[in-house]
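Asker: Starting from the given sequences, assemble the full structure and let the hints guide the process.
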Amino acid sequence: MLNQTETIAAIATAMNNSGIGIIRVSGSDSFDIIKKIFKPAREKDMSAVGSHTVHYGTIMDGETVVDEVLVLIMKGPHTYTREDTVEIDCHGGMYVLNKTLELVLKNGARAAEPGEFTKRAFLNGRIDLSQAEAVIDVINAENDFALSSALTQLKGSVSEKIKRERAILLEQIAYIEAALDDPEHIEMEGYGSTLLPIVRQCESDIDELLATANDGRIIKEGIKTVILGKPNVGKSSLLNALLGQDRAIVTDIAGTTRDALEESLRLNDVTLNIIDTAGIRNTDDIIEKIGVDKAKDYAQEADLVVFVVDTSRPLDDDDFEILNIIKDKKAIALFNKTDLALAADLDLIKARLNSVPVIETSITENVGLDLFAKTVREMFYNKEINFNDQVYITNARQKSALLSAKEALRKATESIEMDMPEDFYTIDLMDAYTYLGSVIGEAIEDDLADEIFAKFCMGK
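Just so you know, the sequence shown maps onto residues 268 to 727 in the numbering used here.
Hints should not be assumed to be uniformly reliable.
Just the calculated beta-carbon pair ranges, DEER-fashion [as the list claims (entries may be wrong)]:
#: 1; residue 1: D686; residue 2: A478; range: 30 to 40 Å
#: 2; residue 1: R644; residue 2: A478; range: 52 to 62 Å
#: 3; residue 1: A721; residue 2: K422; range: 17 to 27 Å
#: 4; residue 1: N633; residue 2: R580; range: 18 to 28 Å
#: 5; residue 1: I287; residue 2: K373; range: 14 to 24 Å
#: 6; residue 1: R644; residue 2: K561; range: 27 to 37 Å
#: 7; residue 1: K303; residue 2: E438; range: 47 to 57 Å
#: 8; residue 1: K306; residue 2: K422; range: 38 to 48 Å
#: 9; residue 1: D690; residue 2: V321; range: 54 to 64 Å
#: 10; residue 1: R644; residue 2: A721; range: 32 to 42 Å
BS3-like mimics (lysine-lysine), calculated; alpha carbons at most 27 Å apart, straight line [to be verified]:
#: 11; residue 1: K366; residue 2: K302
#: 12; residue 1: K727; residue 2: K303
#: 13; residue 1: K306; residue 2: K342
#: 14; residue 1: K617; residue 2: K666
#: 15; residue 1: K727; residue 2: K302
#: 16; residue 1: K366; residue 2: K306
#: 17; residue 1: K597; residue 2: K373
#: 18; residue 1: K491; residue 2: K596
#: 19; residue 1: K727; residue 2: K666
#: 20; residue 1: K342; residue 2: K311
#: 21; residue 1: K617; residue 2: K641
#: 22; residue 1: K422; residue 2: K727
#: 23; residue 1: K617; residue 2: K594
#: 24; residue 1: K373; residue 2: K306
#: 25; residue 1: K422; residue 2: K594
#: 26; residue 1: K597; residue 2: K617
#: 27; residue 1: K491; residue 2: K641
#: 28; residue 1: K556; residue 2: K597
#: 29; residue 1: K491; residue 2: K430
#: 30; residue 1: K373; residue 2: K422
Treat the hints as calculated values from the structure; they're not laboratory data. Cβ atoms here follow ideal geometry from the backbone N, Cα and C, with glycine treated the same way.
Answerer: As structure tokens, this is what we get:
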């Protein structure tokens, strides 16, 4: 267990040469350390200057000038960690940054662990755990939706909902406990009929949060997209066109793609985690057959299947097998190679596609790809998302805790309906209260907190 009272320091900017680099120092010794290594241009006591002020001067190693810097002084509790904090803005060369950090460590600080600044913000009560997890989501955001969702959570949108539900449950638990301790003065007769709609409403509220989890995962992680089609219909060409580079091998030889090729790309403001798969066909080639089977498995797990049809070739059993594979899946059909003579019976396949959107494309001519991007966005974000009103659960840990809370409430409902003694109610209600608390960090083990913050980048 690390000593949480020690002063910590780390480079807070990217670990490469840049215009500026920042070293962050947090803890009770921050001002004493900076006094030892910083020479302000105008002589002053750095521990006595005002909070949230900037000072120009030089970092000194004894009599040797290390760098010309700006130093930011921020006094707790009005800081990110609620501790006294110093930030040193150096020139952005890695040599000078590391040399300055070495001086900070030599004069009393300890090297911070990944995420330790945010962990201290959590432990010192500045943010709760859901907000702390939103910090890394902001850093890792790859599109506007993911960034907006993370910023909304950082403001406490999840926290507010969880705290409201916990307050409701705690009020009921306290009433039952008080009634059990003082039955002469607090009436419990028929209390189950009063409690039941409250519990059911809490369960419904949690259901609403859980209903956002799949959309939340897509917002945060991107749309898991699988490209399906017969060999040589243009699947790999589609991947290359979307990426803007020749990532997949494209030849006229059927069966060129034998294993799945995975890439992540940003399509306008939507992130696609896209998988190019082996062409679907009956084959005696053992290796190719494995690739075909894997393609079918990927399709079952996909958020979106892109069915590529070669309109210059007649439809066959392989096309209709793919139609069966994508049945009941979110899908888009690309009628490709429209620059060539038409040979496929498009009306026949459209009749089998039902409500699946159809886009005519010529991937080699870059025709239809803009419409494809627009269609993907509309399928998954078919209305303007207002992150001020809607809370999305984007975190698997939070989802698991909510599921456990819902199960505890289900048990409480069952106890009430079976007219069990009132002390049975409190057991399940307290379990739900605890599980909800784990979402925001009110009830969390130290090792889990360590695991969460270990995923953060250094200096944050």
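Asker: Which of the stated hints cannot be reconciled with the structure, identified by number in ascending sequence?
Answerer: 2, 14, 17, 25, 29 and 30
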